[in-house]
Amino acid sequence: MADFLPFLIFLMILAVFLQAGPALTVFYLIIGSFLLGLWWQKRALKHLKVTRHFIDHAYLGETVRIELTIENTSLLPILWLEVHESLPVNLRAGRDIKEVFSLGLRSKKTVHYEINAFKRGYYPIGPSIIESGDPLGLTKPSQISIPASNLTIYPRIVDLAALGLPSRSPFGTIRNENPVYEDPTRLMGKRGFQNGDSVRKIDWKSSASSGELLVKLYEASITLELAVLLDLDKTSYDMDSFYDATELAVTAAASLAAWSKQHQQSIGLFTNGLDPLSVDTESHALPPRKGAAHLISLLELLARIQPGTTCPVGPWLQDTRGQLTWGTTLIYISGKVSPETFEQLFQARKAGLNPVILLTGQPHDIQTDRRIAAGYHIPLYTATSLFEVEALGVPQ
398 MADFLPFLIF LMILAVFLQA GPALTVFYLI IGSFLLGLWW QKRALKHLKV
448 TRHFIDHAYL GETVRIELTI ENTSLLPILW LEVHESLPVN LRAGRDIKEV
498 FSLGLRSKKT VHYEINAFKR GYYPIGPSII ESGDPLGLTK PSQISIPASN
548 LTIYPRIVDL AALGLPSRSP FGTIRNENPV YEDPTRLMGK RGFQNGDSVR
598 KIDWKSSASS GELLVKLYEA SITLELAVLL DLDKTSYDMD SFYDATELAV
648 TAAASLAAWS KQHQQSIGLF TNGLDPLSVD TESHALPPRK GAAHLISLLE
698 LLARIQPGTT CPVGPWLQDT RGQLTWGTTL IYISGKVSPE TFEQLFQARK
748 AGLNPVILLT GQPHDIQTDR RIAAGYHIPL YTATSLFEVE ALGVPQ
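Residue numbers (the working numbering): 398 to 793.
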């Protein structure tokens, strides 16, 4: 409207002082069109209903289809609408989504687009900016903003078929070669009684029917309770391989979580990474649990967590090991291990835990680390690729 102001002033002067009827008519038409357009565009945006639909969780490699529906619930048509949908840089194959169209009375239009989930994370989809103006362009366009929706992309999971971790907890669901850990809930068969057999193993019912004293044979098994300590402090990784090493560490943690769920074992996650949904920058803990719901909670945290400047490893490790029960296998995942960390893990071993070290990236002096770990009787593994994560548990 400001562009027409000199012309309107001229028309007003011409109409008033020269009593020019046609000029006065044009002046009234412009003022009327301006007021009508102002009312029209405010009413049009006020009666817009905008919804965004998509599956808000995805695995790496999946394609996420997003539908943005704009509905005009008014009896007035909208001659033009401009829709601008912002997309995260890490998921955007090209430019942001931008479309211009019109809407009839009580009609709607759906904008479809797809994004590829090729990087784990917690991403905002949007916000959407919707802009409209009067038909003649006399007023400044008005706009409304639709809040962003969040998309969680889970981390990569690889198969850990060769995993072989220590445990001190008998009576569980994983078969064990050690006959000391016989599980009385897993009957394997029966045999004749021998000197030294426990009376508790005698199957009295079968013995009575067979006329021979028989004892029950049990399958050996262990309960493997895992606690993953994921160190994402940036000082624990070399800058040359920082991104690849930290992502590999997250992949290892996610794969261990999936392996534990598959084998019906408890697993917990303790990390000093940065969670965008948490105001606590110290550490994040999910105590050992079983089940699919717990696995999803672990994967969601691993999807969101990011490396950065976090709490020191020493105090965090000391506080975390105090939360674990006897016999838990403690898997420390990091880019490097300091003498202080070795000492903390050794104290954990003395307290009845089973520490295991997994180093990702390119440790500078791995032979020295192996020698120190062997002195503390702590297994140490390295992984510089997904293939080596899959081989976790194979002696190196």
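None of these hints come from the bench; they were simulated from the model. Keep in mind the model is a prediction, meaning the values are calculated, not measured. Possibly wrong hints are sitting among the right ones.
[To be verified] Using C-beta positions, here's what the derived DEER-type ranges look like:
(1) Gly589 x Gly458: 51 to 59 Å
(2) Glu464 x Ser539: 20 to 28 Å
(3) Gln764 x Leu610: 53 to 61 Å
(4) Ser483 x Glu459: 42 to 50 Å
(5) Thr781 x Asn592: 39 to 47 Å
(6) Lys495 x Thr781: 26 to 34 Å
(7) Ile763 x Lys495: 32 to 40 Å
Idealized CB from N, CA, C, for every residue including glycine.
Any hints from earlier that this structure breaks? Give me their numbers in increasing order, please.
-> 4, 5, 6, 7
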